[in-house]
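Hey, can you piece these two chains together into the complex? The hints should help.
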Amino acid sequence: MIEFLDSEPLCASLEALGQARRLGSAVGMTVYALLPMQSVAPQARERLGQLLGHFGADAVVLLTAESPVHEHELRFAPYARALQQACEELPPKLFLMADTPGARDIAPRLTARIGGVFLASGEPTCEHGVLKLFDSQGQQVMPCDDPLADEMFAPTMLPVVMTLQAGRYALSRGSTAVPVRFMAPIDADTSSERTPVPGGGLSEDHCEPFLRSQRLWLHPPETIGPETIPPLFAVSNERLLLDRRSVHSLIAIGPSAIERADVQFALPLGDDAAKDLLESIDAAFARPKEPSVELNLSSLLSFHGDDDEELTPSTGRSWDGSDIVTGDTAPRQPVVSSSVASEESVAPVPRTEPFSSPFERTNAGSDEMWDGDPTPHSGQDAVPQAELDGIDTEPITELGHKDGHSEASKTVTSDDSSKRQEQS
Amino acid sequence: MNVLMIVSPQCQRAWQIASSLGEPIALAIAKDNSVFSSLNMPASVQRIRIWDEALDPSSLHPFDVEARHSAVIAQAARRLGTSVVLVTETQTGFVSAGIAEQLNLAHVSEVVSATLLSDGNDDPQLQVQRRGLRRLQVLRGTSQAVLAVLPSLKPDAASDQTSVVVTEWSLPDVSLTVADLPSPQLQVVAQSARHLRPRLFLSPGALVNRLRSDGLE
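Here the protein sequences line up with chains A and B, keeping their order. Following the numbering used here, the numbering of the first sequence begins with 1 at its first residue and continues without gaps. Following the numbering used here, the numbering of the second sequence begins with 1001 at its first residue and continues without gaps.
Only chain B is shown next, with the shape it has when bound in the complex (with noise of 0.2 Å):
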């Protein structure tokens, strides 16, 4: 099974799940193939590289960088025929949500690791481990699923990737043109220096309470 993993920093952990669930497929929405260089895979790997002047995350919000990016491995997914796609959390957090609205998925969010079961006899299912505010959730069910993996705590090691091959791909080898990506939905108003300050607690015993009243116990 071709298991689709977008390359971005922290993602560790999603190599790591993809590489036990089946064939990855390393894809990454970058401008040069450094990206990979975070990411300890081996050269047998296949690498993918998608890139567009339209997918500048400079000129947009990181919302709108996000619905287009989700637009383009949406796509992406569908050439490749996989119907399991890993993506580590982001800031913004829509990336996943957006590629499984487009691929009619099931999305599964603050995953922690998936394991593919199979008896032989039905089709493979997929187990989940999520994070959950009191709880380990364990979901089962499909195999086909976006997943959006918690980031790995552990820093990027830096590997050598000058010897491996990196498939590119532009717009049109996923059947999209720029009319196809989300038109910009936010525009920034103003730059402004908001400066939030936390909420005062002058003991622990007073921060454990909020926090209990948050759920955590």
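The shape of chain A in the complex, shown without the other chains (with noise of 0.2 Å):
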């Protein structure tokens, strides 16, 4: 499941998705990216596809939210149906989540609503073609058989929900555009018990803001008093105990971050670099935000009305039907050259140009992290390389080269690392 933020999809999400795309060509199964929105124009249907299936994506699964006010934050009751009818027509073996606020009210109700299990901060590789699942704890898991699968069949192993925490994965890259359909609830029948009240019983009724400077603790405040509310974002400390009930990212700055393995992200700065660290991250911040991904959806949110025919939801067939009973897991069509295709191409996928790295790459020792990416362009034309070998479902533990480790697991220094930065 993708999560978006002004017409971009979050960094995190794109790594679960990326995950994705390595276990399903690993393992063999179907990648379906699902995007809980309100509406979406007919054009940026098709920029979709190409950016999510650039990034891995077989599919892409629009879910429509019943409730009638639009969100701001997401959240499960809005999509319920639609996800629990996703999860119906395409039962999921891994159910895959960036671990945001949204993905901790989402995943662990459809877990409890599919019949599945549920690991929050796991890690789902493969070795040797072979699932595996790991715990927060590090413990490899496995989920049983489903009680209730027919004993005449194969025992199926039951669903499993995920969350897991942004920096872990590295992005899947490829040049396939994918279909993207609609996923909406047959059932729309407000008096079911399962959902007494469209949204689940509470829904929006306003936002207040929700400061940076309560998001992103650099130092816990001087006074914690129980109505504090833990940042999403904080830089570990010792004076106060955040664990992941609480704190979405945990970074480590100094320098032994690199040797945590209790945090997300790491900052090696030395003490005089991070003497000033606030002065930096505030000056950072100051700085426009460059836009994370090449494709321009601002328009992806925006609702046409009448020009969205196909906003309607289906009933009871929302998929062209090729893949929904038997769940195959046919790898991604290669695009098709336009040179080559001929017009009774059975294949009418459309040409998409190659994406550069949607996010910047300007952290030293980019080349290093990003090493772990299995998926590099291969050729415009070619179905990307994770799908043919060399694919590596570990988290990245290790940081690319030897030399490019050791050079940047040694403290470095604010000037150092403007030079490499210029550099990159």
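What the hints contain is simulated information worked out from the structure, not anything from laboratory work. In this text the structure is predicted, and so the values were computed from the model without any measurement. Cβ atoms here follow ideal geometry from the backbone N, Cα and C, with glycine treated the same way. Keep in mind that a hint or two might mislead.
[What the hints assert, rightly or not] Stretch-level coverage of chain A by chain B, calculated; a stretch enters the list once three of its residues show a Cβ under 8 Å from a Cβ in chain B:
#: 1; segment: 90–96
#: 2; segment: 105–113
#: 3; segment: 157–170
#: 4; segment: 262–268
[Stated by the list, open to error] Here are a few chain A residues that sit away from chain B, every Cβ distance over 10 Å (derived from the structure):
#: 5; residue: 29
#: 6; residue: 46
#: 7; residue: 126
#: 8; residue: 179
#: 9; residue: 222
#: 10; residue: 271
Shown next as structure tokens:
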């Protein structure tokens, strides 16, 4: 499930999609990117297919909210029926989400709804074509067979819903446009006992500001009371124990930051540079944000009313039918070269331009960081290399080449880092 | 209105919310009564402790433990007739969703605060403040919900609970037997020592870029 913010997918969501791509290719699973969106203009739909196909999806499924009120923060209730419908039509083996506030609302409730298994901050990997799952403690776990499965057939694994921590996985990149479809609930009967009131009984009334200083703690506040709101992002601090219940992304700063296993991001600044950290962070935030995705998706969220003839929810058939029943694992269709494909081409997938990296690789050592990326460009018209070989589904545990790692893990000063930034 | 509050570590925020919403009932699934000492509650507050060996967390995966706890708490809520349940967010994060699913109630996670709004004519409405990625989302609706409350950052304060009365329940008291509890769904294959390393950024600007792409503005 992909989370969008200001018409751009969250980086953490794309990382989860990248890992899904690698697992899908290695194990033989189809990757569906679910997008919770109020509506999407037809002309934007194709670009969504390009974007998420580029990052690893085999198909994009747009989930229609049933709440009449557009909510500004993602949660389960508005998409409950569409999610359930999606899981019924496309029974998932793995349901992955980036660990965000929205995911913490959606993932456990969806697990309970579909009778699956939930692993918060888990790790899905693949070894020798076998899916391996690890929980947040690093234990390898295996779901039991579905007790409701028909004994006449091979037992099926319970669906596993996982949230993945930001920063753990590399992106996947290819050049394939994929189909985009809507998924809306068949049953629109609001008297159903499953959701007595549209939106699950509570709907958004309004939003209040959540300041950056509240969301990111470089230092804990002087006074912490029972009503203090925990931050989403925080620099790890010995004085205050922040665990994953309250904080989504932990950052370590200092010479030994890179050795920390309990944080997602490391900034190995020396003591001198760390003194000016607050000013440096503020200065970085003061700079205008550069778009992280090349595609201009600003029109995605606009509603074009009558223009969108496919907005009406379909009833019972929201897919082209080729893979609903079997849940097949057909690989993505390769992009058809315009010079080769004839008019009678069976797979009229539009040619798309290759994308460069969606996120600025300004961090020094980024080349090493992204070495785990299994889908390098292998030609504009080729099947993404990830589907062929060299699939590495391990989380990022090493930072690339030994040289790069040793260079990166040493303490640096802000001067060093700015020089490297310029070089990169 | 009775409000069922699940006692667990760092649950002061949940306790404050429960107190403001109505008559709190403190419930814990624990082997002994010491769990209540982490919270400074008046002696008049009804305390219930449920225990059975089948709920012992040492023999199950945390997910299976929470699945069982949610089944027990949902039954306890039915017996007590409460339709507002407050749970402090857990490491696994499943127990509140499991309760909500079994009671067929709305579920809100990452709850910061909650109040009851009443204009005297209609049924009181629940207003819940929830931590979102960029905003504090204020939700409003029927006063029936399971709220997963963010843990309090203030350390637990030990209090003397020797003189308070704790009602002890077992599974039959909530109309359950061991066979009714969810069977384990996860088995630990290997206790491997996986050591993940953080993603490296060599300048504050690069880190900020990354945090921005994860929703921090």
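Okay, the hints, checked on the actual structure:
no. : hint    : result
1   : 90–96   : violated (count 0)
2   : 105–113 : holds (count 7)
3   : 157–170 : holds (count 4)
4   : 262–268 : holds (count 6)
5   : 29      : holds (20 Å)
6   : 46      : holds (24 Å)
7   : 126     : holds (15 Å)
8   : 179     : holds (26 Å)
9   : 222     : holds (13 Å)
10  : 271     : holds (15 Å)
Violated hints amount to a single one, hint 1; each of the other numbered hints is respected by the structure.
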